[in-house]
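Peer 1: Sequence:
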Amino acid sequence: MVLAQLGFLTGALTTGKSVAESLGPLVFSFLFEAFNGSGQTAESGQLHSRLPILVAFALSLPLLCIVTALPNKLASYIIQKQAAEQSAILELENLEAEDVSLLDKSQRERLL
Numbered sequence: 001m002v003l004a005q006l007g008f009l010t011g012a013l014t015t016g017k018s019v020a021e022s023l024g025p026l027v028f029s030f031l032f033e034a035f036n037g038s039g040q041t042a043e044s045g046q047l048h049s050r051l052p053i054l055v056a057f058a059l060s061l062p063l064l065c066i067v068t069a070l071p072n073k074l075a076s077y078i079i080q081k082q083a084a085e086q087s088a089i090l091e092l093e094n095l096e097a098e099d100v101s102l103l104d105k106s107q108r109e110r111l112l
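Take 1 as the starting number for the sequence shown in this note's numbering and just add one per residue.
Keep in mind the hints are simulated off the structure, nothing from the lab.
A quick note: this is a predicted structure, and the numbers were derived from the prediction, not measured.
Treat the hints with care, since some could be wrong.
[Said to hold, decoys possible] When the alpha-carbon atoms are kept at most 30 Å apart in a straight line, the in silico DSSO-like pairs for lysine-lysine are as follows:
no.	residue 1	residue 2
1	Lys73	Lys17
2	Lys81	Lys105
3	Lys17	Lys105
[As the list claims (entries may be wrong)] Label-pair ranges, simulated between beta-carbon atoms:
no.	residue 1	residue 2	range
4	Ser76	Leu31	23 to 31 Å
5	Arg110	Pro62	34 to 42 Å
6	Glu85	Thr10	20 to 28 Å
Idealized CB from N, CA, C, for every residue including glycine.
Given only the sequences and the hints, what does the whole structure look like? Please build it.
Peer 2: Here it is in structure tokens:
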């Protein structure tokens, strides 16, 4: 189950990375070309040539917030998972062997 979730997560991250790597240069080259006009003054030309970089920075801020929040979310998920596994082990240890044999297969797998 955990490996399947890890596979889905890896696939989603790889897909996002592939889309960003393929569309990023295309989008930002058009953006750079649109704001790199030759009929502008030196001061406004500098601002326009910096605009694609500022747009890229603005687009990366939400990603930065997500990446900084991930370790805390992952740590709380691991703690919850370990607590659930520990309670399942304790519940299984408290049952007598004959009680375990009376459970159906899905209930036994859930406890294990």
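Peer 1: Give a verdict on every hint.
Peer 2: Comparing the hints with the structure gives:
1. Lys73 <-> Lys17: It holds: about 21 Å lies between the C-alpha atoms, which stays within 30 Å.
2. Lys81 <-> Lys105: holds (22 Å)
3. Lys17 <-> Lys105: Measuring from Cα to Cα gives roughly 41 Å; hence the hint is violated.
4. Ser76 <-> Leu31: 23 to 31 Å: Hint violated: Cβ distance 39 Å, outside 23 to 31 Å.
5. Arg110 <-> Pro62: 34 to 42 Å: holds (38 Å)
6. Glu85 <-> Thr10: 20 to 28 Å: holds (23 Å)
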